[in-house]
Amino acid sequence: MLQSTIGKGVNLGLRRALEDDSKVLIMGEDIGRLGGVFRVTDSLQKDFGEDRVIDTPLAESGIVGTAIGLAMRGYRPVCEIQFDGFVYPAFDQIVCQLAKMHNRSMGKIALPVVIRIPWGGGIGAVEHHSESPEAYFAHTAGLKVVACSNPNDAYWMIQQAIASDDPIIFFEPKRRYHEKGEISDDGELGGAFPLHKARVAREGTDCTVVAYGPMVRTCLDAATAAEADGRSLEVIDMRTLSPLDMEPVYDSVKRTGRLVIVHEAPSNVGLGAEIATRVMQECFYSLEAPVLRVTGYNTPYPQSRLEEEYLPDLDRVLDAVDRTFAY
Amino acid sequence: MVNGERARGTTKSGGTTRTAAKKPTPRKKATTDRSVANVADPAFVQLLTPDGERVEHPDYSVDFTDQEYRDLYRDLVIVRRLDTEGTTLQRQGQLGIWASLAGQEAAQIGSGRALAEQDMVFPTYREHGVLWTRDIDPIMPFGLFRGVDLGGWDAQKYRFQGYTIVIGAQTLHATGYAMGITKDGKVGTDDGEAVIAYFGDGAISQGDVNEAFIYAAAYDAPVVFFCQNNQYAISVPVHKQAKTPLFKRADGFGFPGVRVDGNDVLATYAVTKVAMDRARHGQGPGLIEAFTYRMGAHTTTDDPTRYRDKSEEEEWRLKDPVARMRGFLEKQQLADDDYFASIDAEAAEHALSLRERVLTLPEPKPSAIFDHVYPNGSPLLDAERAEFLAYQESFEGSGH
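In the order they appear, the protein sequences are chains X and R. Quick note on numbering: this note's numbering labels position 25 of the first sequence as 25, and the sequence is numbered without any gaps. Quick note on numbering: this note's numbering labels position 3 of the second sequence as 1003, and the sequence is numbered without any gaps.
It is worth saying that the hints were derived from the structure and are not from the lab. Ideal Cβ positions, reconstructed from N, Cα and C, are used throughout, including at glycine.
Quick list of simulated restraints, FRET-style, between CB atoms:
1. X/T205 to R/F1388: 33 to 39 Å
2. R/I1097 to X/S286: 49 to 55 Å
3. R/Q1092 to X/Y285: 54 to 60 Å
4. R/Q1156 to X/S286: 47 to 53 Å
Please model the complete structure; the sequences and the hints are all you need to start from.
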């Protein structure tokens, strides 16, 4: 057991993966001597060498494209995209190549590539540094998409993603990098909570709140505040965005009859729309109110002085919960 | 250009007075590369003239046995004949599309035969000739173009990756694969491994190709970039995309580039062998521009009469790579009419067999839609597959 942070959890997970498998490589911009702009790869190059922890040229398509080639050669590359908004130059390599190679090769080629993306807003940054592009990737067959929300998941999920033969987009909630929590770092990878499973983060009885990544903390805080008002919220951390693990959500909604979905990404054609549709199909007779979403607005991410208005927060979550009780 | 130069000079001098001293030098007109075939130019490697005359080059040569020369000719004839069959099958509605290699046989056979067994190929979708040199059954790409499968030959076994359709994307995969060779310590000896990445003149404008050059140079990756400059990116001629000969791009990235007569199977063999051997010995990447011509359409959906003159096609027909090699064999008296007839007959047999097998390629099972999406599977797809099968079975007399 270890007191740590989300950023450090990823770091320790990467370190353990590098130790456990000599085929694991870390590659990205400024990840070597600098340790990454968020220091998530701190000390890894010093300890594992430039051959395994690779400072790449500043070209994202090149990072992912060469990672694909390295994976074809038997390596397990873990790519860092410096910020969410910088992933788009690599879009073709991710969507047309990484995602489809297994299919195109009719099962003969697996590409165990992980793409880590520090993601989401709330850090007072300029444009392109605060985006939530997860829906693009969750929409793409052949990719799996996960998001961690706490130090323990950061530590274990990154190792599970690296060990998986599926290509995985790994979202890290950058504004929560310094958030503290416990890591149970003893035990084997096989014994960890499964990568592609959602988890109830807080039990409750009156309304289900579904979130992932940075919004899990927001929703847990909202649940604490709601408790003072006499309302019991059940918070579910989705953890896996593709494939979605809906069973815990169905179980919960069948008990509470109410569902609020929270994410930073815009609502239009987002993860919330998919989750709501599936709940409507599976829990139709249990719903006491329409499923509501609390999300970023359908605008470009705003200037940082307005991001508190843009991002879902505790009050907006509670407001949506209140509205589900109006039915 | 002259006006542009003047405008800049004027601004520098203050914007109101023209400085007489700043007389602009008219820039040289960029070469269009349309008719470059100058044997005297050492930057253009040619070992066979269009007539099949053997010529020497200061840096490149070949030393084949008589049989090896004949084998190269046989390759050229067979891949052209199979390619013709591809076009015919498409015209008869048996393929969705076909991307013809006609005109590029020498570039593909020469480079393909120069590879060592352990080398890895990253092709586009037109490398049927290179595929032939890797001993892959020529039926393989026909499943792809007929739409009954997705290609899916065993890339590791044949050392020939799958066809890549997004232009230039495979050059990054080739570079990453080559970086892996270096990490594995498989460079530096005669049996070292190297990679060849094929692409065309259109692809050289792609970001991915330029990024591949950058990564290959940065990591000294053992990869040879083999650009078949067939003069057209579908309809747009190369001189509209590039203001400098393509092989010269390599200079700016920090590795050697060479232009070879792409219709000369001996020259393409020679330059590829040298570049691959450099790479396998740890001397880093290289760029080869094989100067050739796409004699037919980009694919069977294309109509070249809309964007190029018949006269240009006729001009290039005189440089035909297959006829050139035949001319060489005749001049050197390495083959007689009986031999040529026997090769034509063999090629026709290959084509007939190919045709019969294409027509009997099995149709895919409908549920193949769900195959091979994820190595580890997906519960979403499991559910969809079950739903799909139940739906199919709901029809009376369903055989599924």
